[in-house]
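In order, the protein sequences belong to chains A and B. For the first sequence, position 2 matches number 2 in the working numbering, and the numbering has no gaps at all. Heads up: take any position in the second sequence, counting from 1, add 207, and you land on the working numbering.
Honestly, the hints are just simulated from the structure, not real lab data. Wrong hints could be hidden among the right ones.
Quick list of simulated restraints, FRET-style, between CB atoms [stated by the list, open to error]:
hint	chain 1	residue 1	chain 2	residue 2	range
1	B	D297	A	P157	17 to 25 Å
2	B	T278	A	D162	30 to 38 Å
3	A	K60	B	H362	30 to 38 Å
4	B	T278	A	E76	37 to 45 Å
5	A	T12	B	R308	51 to 59 Å
6	B	A335	A	K60	46 to 54 Å
7	B	T213	A	R187	41 to 49 Å
8	B	T213	A	D105	26 to 34 Å
9	B	Q218	A	R72	48 to 56 Å
10	B	Q414	A	T12	57 to 65 Å
To give a feel for the contact side, a few chain B residues facing chain A, derived at Cβ under 8 Å [as the list claims (entries may be wrong)]:
hint	residue
11	Y236
12	S253
13	F255
14	H258
15	E261
16	A323
17	V344
18	V386
19	I387
20	S407
These numbers were taken from a predicted model, which means no experiment stands behind them. Glycine included, every Cβ here is placed at the ideal spot set by N, Cα and C.
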Amino acid sequence: MPITGVTKGVTTRERIMDGAEAAILRQGFAATSIEEVIAAAEITKSGFFYHFKDKHELAKALLERYIDHDTRIMGELFAKTDALIEDPLHNYLAFLKLLSEVMDDLPDRHPGCIVAAYCYQDQIFSREIRELSREAMLRWRNLFRSRLDLIAQRYTPTIPVDLDVLADLTLTLVEGGIILDKAIEGRFLARQILLAREFVKLVFQPA
Amino acid sequence: MSGAPTSRGAQTRARLLELAEAAVISKGYASTSIDELIAGAGISKSGFLHHFPEKSDLARALLERDIEQVTSVLAQVFAEADAAHDDPLDATIDGLERFSRVFAADPNTPPGCLIASLTYQQALLEDAHRDLLAGAVLARRKAMRARLERIAEKHPPRASVDLDDLADMAVTVVQGGYVIDRVRTQQTLVVGQQLALYRSFLRRVFQPG
Chain A
1 MPITGVTKGV
11 TTRERIMDGA
21 EAAILRQGFA
31 ATSIEEVIAA
41 AEITKSGFFY
51 HFKDKHELAK
61 ALLERYIDHD
71 TRIMGELFAK
81 TDALIEDPLH
91 NYLAFLKLLS
101 EVMDDLPDRH
111 PGCIVAAYCY
121 QDQIFSREIR
131 ELSREAMLRW
141 RNLFRSRLDL
151 IAQRYTPTIP
161 VDLDVLADLT
171 LTLVEGGIIL
181 DKAIEGRFLA
191 RQILLAREFV
201 KLVFQPA
Chain B
208 MSGAPTSRGA
218 QTRARLLELA
228 EAAVISKGYA
238 STSIDELIAG
248 AGISKSGFLH
258 HFPEKSDLAR
268 ALLERDIEQV
278 TSVLAQVFAE
288 ADAAHDDPLD
298 ATIDGLERFS
308 RVFAADPNTP
318 PGCLIASLTY
328 QQALLEDAHR
338 DLLAGAVLAR
348 RKAMRARLER
358 IAEKHPPRAS
368 VDLDDLADMA
378 VTVVQGGYVI
388 DRVRTQQTLV
398 VGQQLALYRS
408 FLRRVFQPG
């Protein structure tokens with residue numbers, strides 16, 4: 001799940017990665033050349049190769065950074081809700097509200113999700129890279145699923161629903177919301193996350 | 208669907224677009240080469256250039272074809288559903304279910320949507336093609352929004368849900384579902400599950416209790 005961070009006082013390595021990430025989200029990986037990345041980072045070719053032995057090593061580093069970043073953000077949001085709210089349903093609803101706010105607070109439209117950008121060109125990536133994405137997508141689903149399990153212990157769902165599918169809803173609306181925003185150049189992502197929240201509420205809260 | 212093309216030229220064109228769509232969805236627009244399409248369709252380069260003088264002509268034709276096909280499937284499933292139900296909520300839910308079944312029957316592997324693939328490579332497209340892409344997404348939201356309004360006249364929705372957001376959700380569950388399918392299993396699974404969830408969400412929003 002995709003959240004962009006603000007980087008200050010960045011190292012050369014980070015500057016290379018920031019420029020490459022932005023280019024890949026605009027035009028894809030294949031169309032992004034090392035020359036272009038070098039020019040954007042204002043470094044020499046040997047400077048680039050000091051940090052990355054080839055383009056695929058850069059691709060892997062970008063994906064790992066992206067996954068780590070989003071995992072950390074979600075961990076931080078749950079740390080906040082866990083400190084304040086004991087009830088698992090209200091805790092999860094608060095988490096989704098905070099996640100929506102994080103998206104809303106982005107200065108610009110969400111630039112895109114690296115996992116999604118890669119998946120639409122997956123034939124050109126190594127098995128290792130595809131496996132990293134797959135594991136991240138499963139880990140995030142399982143994170144939400146564990147929260148829904150706690151909710152289901154205390155609340156009876158008002159409609160029949162598979163908790164794995166409900167866990168996927170948040171990921172789905174984030175990925176879909178980003179595509180919608182990019183396609184029509186609007187900002188709907190935060191609102192879509194609130195719909196996931198609304199749905200969880202409807203499932204577990206008696207009318 | 209637009210029916211089988213009749214002339215030989217139209218058949219070749221259709222075959223090229225089919226190959227190009229599969230290639231763009233599996234590895235992206237930049238990596239899709241004219242040479243592989245020529246080889247796949249068994250034609251000459253001049254034969255290809257006759258149909259698509261520039262690669263951007265191919266992009267435009269791909270977009271137009273995708274928009275036409277999806278629009279026609281949507282029109283058909285919702286026409287069938289509207290004919291089968293008096294109630295607009297039942298009709299919309301049934302139409303979405305029919306749409307899901309078309310998806311499930313689609314042998315399109317790997318899972319994915321041309322529009323999403325091109326959205327993630329937007330900078331390679333001409334402005335006019337980006338407009339075409341945006342227009343297609345906007346048209347789908349608008350169509351769903353119109354259906355939701357008709358439902359809301361009969362079944363007042365929960366105040367907490369905005370109809371525009373709910374209309375957008377029809378687009379986001381499909382697009383997001385494809386991404387997850389693509390990343391996790393390379394099979395069309397989550398799209399159908401999320402569309403089913405969307406249908407039960409609609410039911411709960413418009414028919415509380």
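*Can you name, in rising order, the numbers of the hints this structure does not satisfy?*
3, 6, 8, 12, 13, 14, 15
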